[in-house]
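S.K.: Here is what each chain is made of, one letter per residue.
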Amino acid sequence: MNALLGLPLALPLLGAALTIVFRSSSVQRAISFVSLLGALGASIGVLVHLAIEDDIVVSRLGGWPAAVSITLVGDRLSALMLVIAGALLVIVLAFAIGQRAADERSPFYHPAYLVLAAGIGQAFLSGDLFNLFVAFELLLMASYVLLTLEGTDAQVRSGTTYVVLNVVESMVLLTAVGLVFAATGTVSMAELPERLAELPDGVQTGLHLLLLVAFGIKAAVFPLFFWLPDAYPTAPSSVTAVFAGLLTKVGIYCMIRVETLLFPGQGSTLLLWIAGLTMLIGVFGAVSHVEMKRILSFHIVSQIGYMVMGIGIGTELALAATVFYLVHHIPVKASLFLVQGLVERETGSTALDDVGGLARRSGPLAVLFLVPALSLAGLPPFSGFLAKFGLARAGFDAGQHVVVVAALLASLFTLVSMTKIWMAMFWGDPYPDVAEGRVGVLRHHPLMSSTTALVIVGTVAVALVAGPLFDYCTGAAAQLIDPGIYRAAVLGS
Amino acid sequence: MLVLVLLHAVVAAVVLSATRLRGTVAAALGIAVFAATAVTAALQGIGSDVPATQSWDWVPDLGLQLTTRLDGFAVVMVLLVSVIGAIVLAYSASYFEPGPTRVRFTGLFIAFAGAMTGLVAAADLFTMFVFWELTSVCSFLLIGLNDRSASARNAALRALLVTGAGGLCLLAAVILLQVAVGTTDLAELGSRSPAGAMVTTAAVLALTGAFTKSAQFPFHFWLPGAMAAPTPVSAYLHSATMVKAGIVLMARLAPVFGDLAVWRWLVVVCGGTTMVLGGLRAMRQTDAKLLLAHSTVSQLGFLTILVGLGIPGATYAGVAHLVAHAVFKAGLFLGVGAIDHATGTRDIRRFSGLGREMPQLAVMMGLAAASMAGVIPLLGFATKEKALVALLDADAGAATVVALVAVIGGSVLSTAYSMRLMRGLFATDHRVIDPEHVHHAPGGWLVVPVGLFTVASLLGGLLADAVGGWLQAPARSLDGVEHSSLHLWPGLNLALGISLAIVAVGAVIGWRVPDEVAASPVRVSGEQIFQRLFDGLLTGSKRITVVTQSGSLLAYLAVVMAIVAGVLVAAIVTDPLAGFDELTWSDGWMQLVVAAFAVVFAAAVIAVRERFVAALLIGGVGFACAVLFALYGAPDLALTQILVETLTIVVFLLVLRQMPRGFDAPPAWAPRVVRVVISAGVGITVAAFAVMVSAARTAPSVGETYAELSLPEAGGKNIVNVILVDFRGFDTLGEITVLGTAALGVTNLVRMARRRRRTASDAATAAAVAEAELS
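Respectively, the protein sequence lines represent chains H and L. 1 is the number of the first residue of the first sequence in the numbering used here; add one for each residue after it. 1001 is the number of the first residue of the second sequence in the numbering used here; add one for each residue after it.
The following block holds chain L by itself, in its conformation from the complex (with noise of 0.2 Å):
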C-alpha cells in the first residue's frame, strides 16, 4: 500500500502542476490510481490469512518507521475510500465548470484520498499519525478551494486548526506510547496489554485526536462549516471518509484500551451527546447539505460508540454501519448536489413538487435517505438492528445502558431528519410561494453515482447476510473475536420492536415539526467559543509582544545588564565575601589615588546632565586605568590604552556636536533610582565577582609557558609581541579583520550618505530648474 500512497502522491503533483490539463483527463488520471489501488487491495487482502505489509525504515535511531498493513479492516476501508473516491471524482466532472479550480480540486482532491489509503492502512500510531496530518492539509486546501468567499477561508482555517490541536494529542500520545510500551504497532500494543498512568494518559490523548477529527462534541462544530466547500468534497471527506479517520482510530484501539473506565465514559458521553445534538441540529436545518452535515455529526457519534465501547458485537455493528453511512451518506451528498446545480437552492424551505420533476432523482435518494432511517430492508437497517441487539446484549454496566438510551434517542432523530430532508426536498407543498424549480436537468454524471449508491445500499439490504459475511473477517482483524453476521430478517426479537418503534416515532416527528420550530436559533454554538479562543490568542500575543518588545533601547539594556547583575548576585552569594581576605588592596598609595579618581569619574557620570561632560569623565576612568597599567608596569599597555581614550574622546566630541546638550528626559519606568542601582549593580556584582573568581585559581597560568617558550623557540625577547604575532597571531589576524570591516561599514555609510544628499540636490536643483522655467 505504501508503493500506491506514493503512486496517488505522484499523480496529484503531476496534476497540480500540469497547468494546462485538460480536467476530465485529470479525472481520468485520479479514477485509473483509485482503481489500481481498489484492485491491489481486493487482490492483496481479501482471502489471504498474512496480512500484506509494506514497511520503510524512516528513522531507525527514533524508531520511526512507515509501516501499512492490509488486514481485514484495512482492506474494507481501503475499498471504500478509493471506490467513493472514483464515483465521486467521476461525479466532479460534471459538477465543476472546466478550468484551473476543477484541475486544482482534482490534484488536492487525489492527494486526499492518498494521504486518506495511508491512514486506513497503517499498522502503527506512528503511520497512522503522519497521514493524519496529511489528511487535515489536504482538507484545509479542499475546503478552501473557493477562497475569494471569507467564509469558505474561515471553515477551513477552523477545520485545521480543530483537527490540528487534535493531530498534536495524538502525537503526543503516540510518544507517550512509544516512551512507556516500547511500540506503537497496533497489533503489538493490543498483545502487551498496557497499563500505568502514562498509558491511560496516552489513551485519553489518542481519544481527544480522534474525537476533533470526527467532529465528536465538543469538537464538533468545524464539521457543518466545512460545508462551504464544493459538493464533491463534502461528499467525500465530510462524510464517507475524513471524518471516518478519528472512527477508525477508535476501532483499531478499543480493543486495547477499551476496558480503562475513563476511556468507556469518555466515548459513551461524548458520542451519546454528539448523536442526539447533531440529531436535534439536523432538525434545525434548512439548507439541505448543512442539514445533512449536521445528521453526520450524529451518524459518527453513533459509530464513536459502537467501535469506540470494544464490545465485540458492537464493533462488528460499528464496522457494518461505517459501510453503510458510507454508502447512503455519499449518495445523498450527491443528490443534493445535483438538485442545486439543477435549482439554484438548496434551502428546503423553497422547493414544491420536486419529486415530480426528478421522479428518478427522488427514488434514488429517497432509497439512500430510508437506509439512513433504518428502513427494512435497507443496509441502515441491519447494521442498525445489529447494533441494538448488541447493546442490548452486552453486560458492561452502566456505560451500555446509557449509551443504548442515546442510540435510540439518536435513532428516532435521525429518521425524523430523514424525513424532514425528503418532504422538504420532494413533497408537494402548498404553503411554498414561488418554489424553485428545475432550471436545466443535471447531467447524466451527476444522477449516476447517486444511483450506484443507491443500489449499492438496496442490495447491501437484500444481501444482508452476504454481506456480513464478509465483514466478518474485518471485524475479526480488529478485536480477534469470531462474530455473528448480519441478517436481512432478524426474527422477532426485542431489538426488531424497538427498531420498528424507532422509525415509526422519527417518521412522524420529521412530518410533523414544522419549520418556525425547528429553524429557532442555536444561543451557544462552538463555532462562537472557539471564535472567542481565537480572539483571545491574537489579543493577548498582542499584549504580551507590546510589553517585551517596546522597542525602546533604554529598556533593553536595563532588561541585559539587569540580568547580568543578578546571575552575578546568585554566584556571589554562594559564598559571600570569597577571596577578599586573600585580597591586597594596594601596593602604594599612588594605586590608591588613581583608583579613587577612577571610582568619582564613574560616579560623576551618573550624577552629570551633559553628555559632553559625561564623555570626558568616562575617558576619565578610561586615562586612570591606563595610569594603573603603568604603575603596575605594562607601559606599552598604558600607552595603548592612552591612544585609544584620546581617540574615543576626540571621536565622542565630533559626534555630540550633533547632538543636543543634555540627556533626554528619561521615560517614567525608569527613574534615575532604577538606572542608577542598575549600572551601580552591575560594576559591584563584576568586581565583587572579578575577586571571588582570581582567588579560586588552582593551576598556573598558560602565561608562564609562553615566557619559557618566547626566546628559545619563538626567538622573541618581548613575550607580548610574541604572543601577539606568533602564539595567538591568529586571534590578531581575526581582530584585524574586524577592523578592517569596521572601517568599510563607515566608509560605505559615509559614502552612501554622501549619494543620498546628492541625488536629494539634485532633485532640488532640477526642482528648482522646473520652477524657474515655468514662471
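Extracted from the complex, chain H is given alone in its bound form (with noise of 0.2 Å):
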C-alpha cells in the first residue's frame, strides 16, 4: 500500500517527461490517459484501504528515517482528494480533446496538464512543509503555461495578474516556510505541531497568519481573491473547469491542514469572518454580471467562503461537512464550466445578451445546466443541499447562528444569479436563430456531451451515496481533529 501512495505524481510527472519527447498527438493522448488512469486507479486503491482499514498510509523518500527524509501522507481526506481530482482530471482531458483544447492548441498541452496533475497530486500528499512549496510552485508554473496556450493578448494580460499575484503568494509561503524552519527547525509536518506549541503566543500567531494569507491567496477567500475572476474567464472552458474545481481546494485543503495540524485549535472567529465576507462578496461579484464565465467564476469565491465557514467552525461535524462539501462542489463546479463550454461551442458567447431560448433548442442540455446549478444553489436534493446543510448543522451546533444565516442568504442570492443564467440563456426567443429543436452541439460533440453528463452523473451520485460518502468524511475529521494520529503514523509511536 505504501507503494501506491507515490503513483498518483510520480506517473503524471513521468508522463510529462514522455510527451516532451514524443509530439505525435495521439501518442501524446494514449501517455496522458495511461498515466492519468494510473494514478486515478492507485488513488482509488489508497481510498479503499483508508476506508476499510482506517488507518494512515506512509511512505518515506529515500527510506530516511521520518525526521530527515520527505514523507508523502495518505490520510482519509488525503485519499478522497486524490480520487476527485484524479477522475476529474480525465474526464476534462477527454472533454478537452472533444472541445479541440488539447493538443490542437499547443504541443505542450499535454506536458503542462500532466505536471498540474502531479503538483496536484504532490499538495495532497505532501507531509512536508518545504515540498508543499514545492508542489505549489508546479501548480503555478503548469497552471500558467495552460492559461496562456494560446498567447492571446487577453490571456497574456490576465495571465499577469494571476501570475504576479501568485508569485507573491510563493513569496508569502516561501517567508513563512522559512520563518517556520527557523523557529522549529523542522518542516515535517508530523514534527511540527509539537514544536509549534512552545513557541511563544506571538511567533505563533505570525506564523499562523501567514501562513493563512499564503493559502488564502491560493483559495482565493476575502480580501484576497480578486486576482481570479479576472483570470479564470480568459481560458478555455476545459482549463477553467479543471482550475475551478482543483486549483482553490488545494488551498482549502491546506487551511485545512494549517487548522487542524499544525495550529490545532476548535475553531476561529477570524475565519468565519472572512468566510462569511468570502460567500458574500463573491455572490454579490455573480448577481452583477452578465456573462456566464465571470459569474462562475465568481462563484467560485463565493463557494470558498463555505468551506472556509466549516475550517472557522472547526468541530468534527463541521470539518467532516467541509470535507464533504469539497468532494460535493469539484464536479458541480467543474461541470458548470464544462456546460458553459458547451454553450459557447453552440452559440459562439456566453454573454447573457447574446444568447437566448437555449431550453428549446435542446432540452438535454437545460438538464445539464439545470441539475448543477440547483446543485450549487443548494437546493434538495442535489449534492450541494448536502453540503450546505451539514455545515449549516454544524454552524447552528456550535452556537455561530451569523455564519449561518449569512451562509443562507448567500445561497439565496445564489439561486438569484443562476436564475439570471437560466433566464436569459435558456428561456426566452431562441437566439442565434436556429430552427426549434434543432440542437447540433450535443449531437456533433458527443465526447464533450458525454464527459459533461458523466461529471454530472458524478454530482448526483455524490448526493445519492451521501450517506457512506459522509460517514468516511466522519471518519475523514476525526484523524483531523487529532494531529495525535497523524504524527503517531508519521514518526511511528
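Derived from the structure by calculation, the hints contain no laboratory data. Just so it is clear, CB atoms sit at the ideal spot from N, CA and C, and this is done for glycine as well. Just to be clear, a hint being listed does not mean it is correct.
What the hints assert, rightly or not - Where chain H lies over chain L, by a calculated footprint (3+ residues, C-beta under 8 Å): (1) 1054-1067; (2) 1163-1172.
Said to hold, decoys possible - A short list of chain L residues far from chain H (calculated; beta carbon distances all over 10 Å): (3) A1427; (4) G1740; (5) T1747.
With the hints in hand, could you dock these two chains into one complex?
M.R.: In C-alpha cells form, the structure reads like this:
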C-alpha cells in the first residue's frame, strides 16, 4: 500500500516527461490517459484501503528516517481528494480533446496538464511544508502555461495578474516556511505541531497568519480573491473547469491542514468573518455580472467561503461537512464550466444578452445546466443541499448563528444568479436564430457532451451515496481533529 | 409512498426525455401514476390504525432520512393531490395544442405532483423541506412554461425567490429543531412539547416559510403574478395543491407550537390581513382568472387562521374547508379556462349573455361559486359554518376575537366576489357594447372536469354528515382530539345567523359595486416592493464589485502587501522587540558596510523615477546579499546568487528596452506616501518578525541530523549536495520540473507570437496582392 502512495504524482510526472519527447498527438493522448488513469487507480487503491482499515499510509522517500526524509502521507482526506481530483482530471482531458482545446492548441498542452496533475497529487500527499511549497510552484507554473496556451493578448494580460499575484503568494509562503524552519528547525508536518506549540504566542500568531495569507490567496478568500475572477474567464472552459474545480481547493486543503494539524484549535472567529465576507462578496460579484463565465468565476469565490466556514467552526462535524463540501463542489463547479463550454460551442458566446431560448433548442442541455446549477444553489435533493445542510447544522450546533445566516443568504443570492443565467440563456426566444428543436452541439460533439454528462452523473451520485460518503468524511474529520494520529503514523509512536 | 413518489419522478423523466411522445400518451401515463397513488393511499390509509410508513436513511451521520407516514391527514391530502391531478391532466389534454409544450407541461406536472405527494405524506420536517423545495422548482418551471413572455418569466422568478427565501427559513427551522430538540419527526415533536428561545425562533421561521408558500401577507404578491401560467397550472398549483403546502405545514406544527403567543398572533394577524386584503383585491379585478387568484389568497388566509390556531374545532373545520376549497376552486379555474378557450378573453366587463350561450357551464360554475360563497346546501357552507362555530366556542382570548372579526369580514367579501364573478361572466348586461361571444364551443374534456368538481361540491354539501365523518380521522391524526362532524343543517344557532347575514350582505355588495369603483388602481403593491429589493440587490452588488474588482494590479498588490504587514504587526505587538536583545548586530565591519549598501540600494529604488535604474538597484541588493553569503562562508551559495542576479538584470534590461523609460503616473488613491508606507512596512515587519522568530527556537534543527548522516550514510562530503540530491532530492526534482515547465511556457508564448505574426503578415501579403491585382 505504501508503494502505491507515490504513483499519483510519479506517473503524471513521468507522463509529462514522455509527452515532451513524443510530439504526435495520438501518442501524447495515450500517454496522458495511461498515466492519469494509473494515478487514479493508485489513488482508488489507497482510498479503499483507508476506508476499510482507518489508518494513515506513509511513504518515506529515499528510505531515510522520518525526521530526515520527505514523507508522503495519505490519510482519509488526502486519499479522497486524490480520487476526486484524479477522476476529474481524466474526464476533463477527454472533454478538452473533444473541444479541440488540447493538443490542437499546442504540443505543450499535455506536458503542462500532466505537471499540473502531478502538482495537485503532490500537494495532497506531501507531509512536508517545504515540499508543499514545491508542489505549489508546480501548480503555478503549469497553470500559467495552460492559461496562456494560445498567447492571445487577453490571456497574457490577465495571465499577468494571475502570475504576479501567485508569485507573491509563493513569496509569502516561502517566507512563512523559512520562518517556520527558523523557529522550529524542521519542516516535517508531523514534527511541527509539537514544536510550534512550544513557541511564544506572538511567534505562533505570526506564523499561523502568514501561512493563512499564503493559502488564502491560493484559495481566493476575501480579501485576497481578486486575481481569480480576472484571470479564469480568459482560458478555454476545459482549463477553467480544472482550475475552478481543483486549484482553489488545494488552498482550502492546505488551510484545513494549517488549522487542524499545525495550529489545532477549535475554530476561529477570524476565519468565520472571512468566510461570511467571502460568501457574500463573491456572490454579489456573480449577481452583478452578465457573462456566464464571469458569473461562474465569482461563484468559485463565494463557494470557497462555505468551506472556510467549516474550517472556522472547527468541530468534527464541521470538518466532516467541509470535506463533504469539497467532494460535492469539485464536480459541480467543474461541470458548470463544461456546460458553459458546450453553450459557447453551440452559440459562439456566453454573454447573457447574446444567447436565448436554449431550453427550446435542447432539452438535454438545459438539464445539464439545471442539475449542477440547482446543486450549487443548495437545493434538495442535490449534493449541494446536503453539503450546506451539514455546514449549517455544524454552525448551529456550535452556536455560530451569524455565519449560518450569511450562508443561507448567500445561497439565496446564488439562486438569484443561477436563475439569471437560466432566464437569459435558456428561456426566451431562441437566439442566435435556429429552428426549434435543432441543436447541434450535443450530437456533433459526443465526447464533450458525454463527459459533461458523466461529471454531472457524478454529482448526482454524490447525493445518492451521501450516507456512506458522509460516514467516510466523518472518519476523515476524526483523523483531522486529533493531530496525534498523524504524528504517530508518520513518526511511529 | 416514497416508492410512488419515485415512480412520479421516473415517469416525469421518461415523458420529458421522450420528445416524440404523443401528448395523449403522456397524459395517460400521468393519470395512471396518479390513479396508482390514489388507490394505494386509499387501501393503505383508510381504516388502518397504524399508519403505513416508508423510510430511507439518506445521511445517517446528519440524522437525515426521508420518511413518509400515511396518517389520516396525509391520506386526504394525497387523495386530493392525485385525484385533482388526474382530472386536471385530463383537462389539459384538450387545453393545450399538441406539440412539445404540451409534453413538457405533462412531464413537469407529473414531477410536481410527485413532489407534492411526498410533501403531504412527509412524516418529518426534513422530508417535508426536501419536497417543499422541489415543488418550488417545479412551479418555477411551470409558471415559466410560456417562457417567451417576459411577464411569465418574471412571475416565475418572483414565485421562486419568495418561496425559496421561505424555504431557507424552513431549513433554518429544521436545523434549529434538530439541534434543540433532537428530532424533526412530526409525531415526536408533538410528544416532546419542546420549549426555549431556539424552539420559538424555529417556530417563527417555520411559520414564515409557510406564509411565503401559502401566499400570506406580506408575501402574498407572488401568487396573482403566477397566473401568467397556463390555466391547468393555475388550477392545480395555485389553488388546489402547492399553495396548500404552507397550510399543511401549519396544520402539522400548530399542535406543537399553537400555544406560543407569537405563533398565535402571527397566524391571526397575517391570516386575517390576508383574508380581508385578498377579498378586497379580488373585488377590484376585472380579469376572471386574477379575481380567482386573489380569492385564493383570501381563502388561504382563512385556512391559515383555522389550521394555524391549533384549536381543536378550528383544526377540524380547517381540514374540511381545505378539501372544500380545493374542489370548488379547481372547478372555477377550469371553468374560466374553458371560457377563455371559447371566447378568447377573461375580462368580466366584456361578457353579456354568456349564461344563455353556455348554460351547462354557467350552472356548474354557479354551484362552485356558491360553495365558495358559503351558500347552503354546498360543501363550502357546511365547512364555513363549522369554522364559525369553532371560533365562537373557542376561549383563546383576544386572538380568537380578532380571528372571528377577520373571518366574518373576509367571508362577506368571499360572497361578494363570488357574486361579482358570476354576474360578470354570465349575466346579461346591456351596458356591454359588443360583448364577446363563444367562437368555438369548448370540447367535452374542457367541461366535464368542471362538472366533476361541481358534483363533488354539491354532493359534499348534501352528504355533509357523511363527509364530515370521514374527515374526523384526518383531523384527529393532527391533534389527537375527537371532533364532532360537519352537518348540512346545524340547527338554529348564532353561527347560522352570522352565516346567513354574511351571504346576504356579501351578495348585495357583489351585485351593487360598480366596476369603475372596484377597478381603481392599487397604490403600493408587494410586487413593487419586491422589484425594488431585487433591483437594489443588483445595483448594490454592482457597486460592491466595482470596488473590490478594480482590475488594477497595483491595487491588488497593495492590498496583499498591506495584509502581510498588518498580520505581522499583530504578531509583533504581542511582544515588541522580542529577540532583539539576543541579536548579534554584526560579526565585523565588512558586514556592516555591505548591509548598509543593501539598505541604501533598497531605499533608492523607491526614490528613482526610471525603470532601468530601479532594476539595476534591485540587482544591487541581490549582489550585496551574495557578498554576505560569501562572508558567512557559503561560497557556493554566493556564486549561485551572483549568477541569478546577473541573469535577472540582463533579462530585465532586455525587456525594459521595449517599455517606456519612466514609471506610469500613480493612481490618485495611491500617492507615493501610501506606496512607501506599504513597501517599507512589509520590509520592516518581515525583518523584525524574523528576528523574533529566530530567537524563539527551542528544538535543534534537522540540519544537525543532516550533518551527522551525510558522510556515513549518504557517502557525501558536501552536505549541501547530499541534501539536494539525496535527503531532499524530491524537492530538487520538483524544482527542476518547475523550471522545465516555465521553459515550455516561454517557448510556447514565443512560438505563438511568431505564428500570429506569420498569419498577420500572410494576411497583409494577401491583401497587398489583392490590391495589386485590382489596380
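S.K.: The structure should be examined with respect to each hint, and the outcome stated for every one.
M.R.: Do the hints match the structure? See the list:
1. For the segment 1054-1067 of chain L, the stated coverage by chain H holds: 7 residues have a C-beta nearer than 8 Å to a C-beta of that chain, and at least 3 were required.
2. As drawn, the segment 1163-1172 of chain L meets chain H at 5 residues by the rule of a beta-carbon pair under 8 Å; at three or more, the given contact holds.
3. Even its closest Cβ contact with chain H, about 40 Å, leaves A1427(L) beyond 10 Å, as expected for a residue assigned away from the interface.
4. The Cβ of G1740(L) does not lie farther than 10 Å from every Cβ of chain H; its closest approach is about 8 Å, which violates its non-interface assignment.
5. The beta carbon of T1747(L) is not kept farther than 10 Å from every beta carbon of chain H, the shortest such distance being approximately 7 Å.
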